[in-house]
Amino acid sequence: MTMEFDAVVIGAGAIGTSVAYHLAERGLKTALLEKGDIASGSSSHCDAVGLICDKQPGIDTKMGQYSIDYYEELAKKFGFDFEFERKGCLYVCETEPEFAAAEEYMKKQNADGYPLRMVENKELCEMEPHISKDIYGALYTPPSGCIAVSPYKVCFAFVEEGKKYGLESYTYCDITKINLDPKTNSVESLETNYGTIKTKRIINCAGAWAPEIGKMVGLNIPIEPRKGTNLVSEKCERLCNNKILEYGYMMSKFDGINFKRNVSPLVEEQNIAFNLEYTQANNLLVGGNRLFRGFDTRTEIETMKAICERALRFYPELADINCIRTYSGVRPFVVDHLPIVSDVDSIPGFYICAGHEGDGICFSPFTGKQMAHIVMGEDTDFDISKLDFARFGK
Amino acid sequence: MAEYFSDDMIVCRCEEVTVAEIKEAIRQGAKDVVGVKRRVRAGMGLCQGRTCEKMVQQIIAQELGAKPWEVGTSSARPPIRPIAFGDIAKGIVE
Numbered sequence: 036m037t038m039e040f041d042a043v044v045i046g047a048g049a050i051g052t053s054v055a056y057h058l059a060e061r062g063l064k065t066a067l068l069e070k071g072d073i074a075s076g077s078s079s080h081c082d083a084v085g086l087i088c089d090k091q092p093g094i095d096t097k098m099g100q101y102s103i104d105y106y107e108e109l110a111k112k113f114g115f116d117f118e119f120e121r122k123g124c125l126y127v128c129e130t131e132p133e134f135a136a137a138e139e140y141m142k143k144q145n146a147d148g149y150p151l152r153m154v155e156n157k158e159l160c161e162m163e164p165h166i167s168k169d170i171y172g173a174l175y176t177p178p179s180g181c182i183a184v185s186p187y188k189v190c191f192a193f194v195e196e197g198k199k200y201g202l203e204s205y206t207y208c209d210i211t212k213i214n215l216d217p218k219t220n221s222v223e224s225l226e227t228n229y230g231t232i233k234t235k236r237i238i239n240c241a242g243a244w245a246p247e248i249g250k251m252v253g254l255n256i257p258i259e260p261r262k263g264t265n266l267v268s269e270k271c272e273r274l275c276n277n278k279i280l281e282y283g284y285m286m287s288k289f290d291g292i293n294f295k296r297n298v299s300p301l302v303e304e305q306n307i308a309f310n311l312e313y314t315q316a317n318n319l320l321v322g323g324n325r326l327f328r329g330f331d332t333r334t335e336i337e338t339m340k341a342i343c344e345r346a347l348r349f350y351p352e353l354a355d356i357n358c359i360r361t362y363s364g365v366r367p368f369v370v371d372h373l374p375i376v377s378d379v380d381s382i383p384g385f386y387i388c389a390g391h392e393g394d395g396i397c398f399s400p401f402t403g404k405q406m407a408h409i410v411m412g413e414d415t416d417f418d419i420s421k422l423d424f425a426r427f428g429k
Numbered sequence: 008m009a010e011y012f013s014d015d016m017i018v019c020r021c022e023e024v025t026v027a028e029i030k031e032a033i034r035q036g037a038k039d040v041v042g043v044k045r046r047v048r049a050g051m052g053l054c055q056g057r058t059c060e061k062m063v064q065q066i067i068a069q070e071l072g073a074k075p076w077e078v079g080t081s082s083a084r085p086p087i088r089p090i091a092f093g094d095i096a097k098g099i100v101e
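Top to bottom, those sequences are chains B and D. At position 367 of the first sequence the residue is numbered 402 (this note's numbering), and the sequence of numbers has no breaks. At position 34 of the second sequence the residue is numbered 41 (this note's numbering), and the sequence of numbers has no breaks.
Treat the hints loosely; a few may be bogus.
To be verified - Below, simulated EDC-like cross-link-like pairs (lysine to aspartate or glutamate); rule was C-alpha separation at most 20 angstroms, straight line:
hint, chain 1, residue 1, chain 2, residue 2
1, D, K97, B, E131
2, D, K38, B, E203
3, B, K70, D, D94
4, B, K295, B, D416
5, D, K38, B, D209
6, B, K198, D, D15
7, D, K30, B, E304
8, B, K250, B, E269
9, B, K270, D, E31
10, B, K270, D, E23
11, B, K250, B, D416
12, B, K199, D, E31
13, D, K97, B, D416
14, D, K30, B, E131
15, D, K97, B, E108
16, B, K97, B, E335
17, D, K38, B, E352
18, D, K97, B, E337
As the list claims (entries may be wrong) - Label pairs and their calculated CB-CB ranges:
hint, chain 1, residue 1, chain 2, residue 2, range
19, D, R57, B, N317, 15 to 25 angstroms
20, D, S82, B, D209, 36 to 46 angstroms
21, B, P217, D, D14, 32 to 42 angstroms
22, B, E158, D, D14, 50 to 60 angstroms
23, D, A73, B, Y229, 52 to 62 angstroms
24, B, M162, D, S82, 54 to 64 angstroms
25, B, M162, D, R57, 45 to 55 angstroms
26, B, N276, D, P89, 55 to 65 angstroms
27, D, R57, B, P383, 22 to 32 angstroms
28, B, D209, D, A27, 28 to 38 angstroms
29, B, N297, D, S82, 34 to 44 angstroms
30, B, E108, D, A73, 19 to 29 angstroms
Note that these hints are calculated values from the structure, not bench results. The beta-carbon is built from N, C-alpha and C at its ideal position, and this holds for glycine as well.
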């Protein structure tokens, strides 16, 4: 059997479903191909927030803000509920040097018009009554710059809403070959277990698996799987009122700053960055870390131990709350920490939209809309040439 | 056995998920236990599917005309029973 589509999107995570929805909305006959189920990869093994305050000042933050506001618009428009909620975010600073560095970051963001502000210990303890009393302060982002969603429901929502525009999804789809025109090298068709699919446009949204699809057309896509782990609590009191992250981790990662947190060797070695949030089902999500482990997504006991150790430093009352579940997944890591949202010069009709690492959920609506502009041959809403695939050839 | 389940019967006690909701998840494209779990939370509660997983398997098998062992199980993940975050930090995880 041969099917024919205007566009074929590969990968049904937060990026692929958004791209597929936006292409279908623009009137293209679109197919979404997924090797497993919808949202079965990174988008169901992550946390659930979109923030501007974990982004670098500039384009990174601008994309975040765009996406956050666009999420709100979609939440109103969609019949499918994806648990959209605006909430505040606190980047907690354990010590004075962290507070000072956070303040520098705040000033840069303020200069661009983002209303972040510093809160000192007293106010922090009022905002977060369960936090350790000796935390120095925090960087506060109001709900204008922070949202929560259910990441996998975002994917289901894009698919269900996309169906209204004729989107067709094919799950458990094995792609065995991508055929290019021998003369022009442009996209011609795909061979799958659903048969041959003819199309002139393929958008590779396979995240950490995007390099496998790239290989089928002779491209080397520099994305690596980076593992992250979260712990889930039993249903309990919402220990926190805002999304909580630790600032010291971000600082220890900044280039050119020689900063070391006062943490145990286990926490250091496991690369733990404490974060905490509540969900609409009243579970707490406690995280997290980043490790290179290939595609091995088994939960590691040492990681669990290290996350708990770090979490108790900030929220001692967690000690008596039960953990019922853990999960680990891979994030699509790119060395310059920017996604690839781009066409490919050497293969007309082939597009890459992947490599969002930990920002895929946040950037999903923004990315889908911009990718649709690119595929339609239009200007993007603002200059995103930094996300071009050609940057790796230089 | 699934043919004897009425639509309003609660299958997942922890998350209060009914037979009708599980059937709706299957209609939306769930083909296995994890797919149902992700769409309607069956198996996401305190017992992590220990009570309902077999019933969820039977319902999926019946709806899709498959065998119960063909529709998968939820992924095996620690902890094997609820354990306090404090105990995990102390290394009491066995």
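Hint by hint, here is what the structure shows:
1. A distance of roughly 28 angstroms separates the Cα atoms of K97 of chain D and E131 of chain B; the hinted pair therefore is violated under the 20 angstroms criterion.
2. Proposed proximity of K38 of chain D and E203 of chain B is supported: the alpha carbons are some 17 angstroms apart, at most 20 angstroms.
3. Between K70 of chain B and D94 of chain D the CA atoms are separated by roughly 38 angstroms; this puts the pair beyond 20 angstroms, and the hint is violated.
4. A hinted pair counts as satisfied when its Cα atoms are at most 20 angstroms apart, and K295 of chain B with D416 of chain B does not qualify at roughly 39 angstroms.
5. Between K38 of chain D and D209 of chain B the CA atoms are separated by roughly 16 angstroms; this keeps the pair inside 20 angstroms, and the hint holds.
6. With a C-alpha separation of about 28 angstroms, the suggested pairing of K198 of chain B with D15 of chain D is violated against the 20 angstroms cut-off.
7. Our distance criterion of 20 angstroms between C-alpha atoms is broken by K30 of chain D and E304 of chain B, whose separation comes to about 45 angstroms.
8. For the proposed pair K250 of chain B and E269 of chain B, the alpha carbon gap of about 43 angstroms is over 20 angstroms, so the pair is violated.
9. The straight-line distance between the Cα atoms of K270 of chain B and E31 of chain D is roughly 25 angstroms, outside the 20 angstroms bound, and the hint therefore fails.
10. Restraint check for K270 of chain B and E23 of chain D: the C-alpha separation of about 14 angstroms stays at or below 20 angstroms, so the hint holds.
11. A threshold of 20 angstroms between alpha carbons decides the hint, and for K250 of chain B with D416 of chain B the separation of about 30 angstroms lies outside it, so the pair is violated.
12. Among the hinted pairs, K199 of chain B with E31 of chain D is consistent with the structure: their alpha-carbon atoms are about 18 angstroms apart, no more than 20 angstroms.
13. At roughly 51 angstroms between alpha-carbon atoms, K97 of chain D and D416 of chain B are farther apart than 20 angstroms, so this suggested pair is violated.
14. A distance of roughly 55 angstroms separates the Cα atoms of K30 of chain D and E131 of chain B; the hinted pair therefore is violated under the 20 angstroms criterion.
15. Taking the CA atoms of K97 of chain D and E108 of chain B, the gap is about 45 angstroms. The hint is violated against a cut of 20 angstroms.
16. Between the alpha carbons of K97 of chain B and E335 of chain B the distance comes to roughly 35 angstroms, so the proposed pair goes past 20 angstroms and is violated.
17. Under the criterion of a C-alpha separation no larger than 20 angstroms, the hint pairing K38 of chain D with E352 of chain B is inconsistent with the structure, at around 40 angstroms.
18. Simply put, K97 of chain D and E337 of chain B have alpha-carbon atoms about 11 angstroms apart, close enough for the 20 angstroms limit, and the pair holds.
19. Between R57 of chain D and N317 of chain B the beta carbon distance is about 20 angstroms. The supplied range of 15 to 25 angstroms therefore holds.
20. Distance hint for S82 of chain D and D209 of chain B: a CB-CB separation of about 21 angstroms, inconsistent with the stated range 36 to 46 angstroms.
21. Distance hint check for P217 of chain B and D14 of chain D: the Cβ-Cβ separation is about 56 angstroms, which falls outside the suggested range of 32 to 42 angstroms.
22. Checked against the hint of 50 to 60 angstroms, the pair E158 of chain B and D14 of chain D passes, with Cβ atoms roughly 51 angstroms apart.
23. Between A73 of chain D and Y229 of chain B the Cβ separation comes to about 19 angstroms, which falls outside the hinted range of 52 to 62 angstroms.
24. Distance hint for M162 of chain B and S82 of chain D: a CB-CB separation of about 36 angstroms, inconsistent with the stated range 54 to 64 angstroms.
25. Between M162 of chain B and R57 of chain D the Cβ separation comes to about 38 angstroms, which falls outside the hinted range of 45 to 55 angstroms.
26. Distance hint check: the CB atoms of N276 of chain B and P89 of chain D are about 25 angstroms apart, inconsistent with the given range 55 to 65 angstroms.
27. For the pair R57 of chain D and P383 of chain B, the beta carbons lie near 53 angstroms from each other, so the given range of 22 to 32 angstroms is not met.
28. Distance hint check: the CB atoms of D209 of chain B and A27 of chain D are about 33 angstroms apart, consistent with the given range 28 to 38 angstroms.
29. For N297 of chain B and S82 of chain D, the hinted distance range of 34 to 44 angstroms is satisfied, since their beta carbons lie about 35 angstroms from each other.
30. Distance hint check for E108 of chain B and A73 of chain D: the Cβ-Cβ separation is about 40 angstroms, which falls outside the suggested range of 19 to 29 angstroms.
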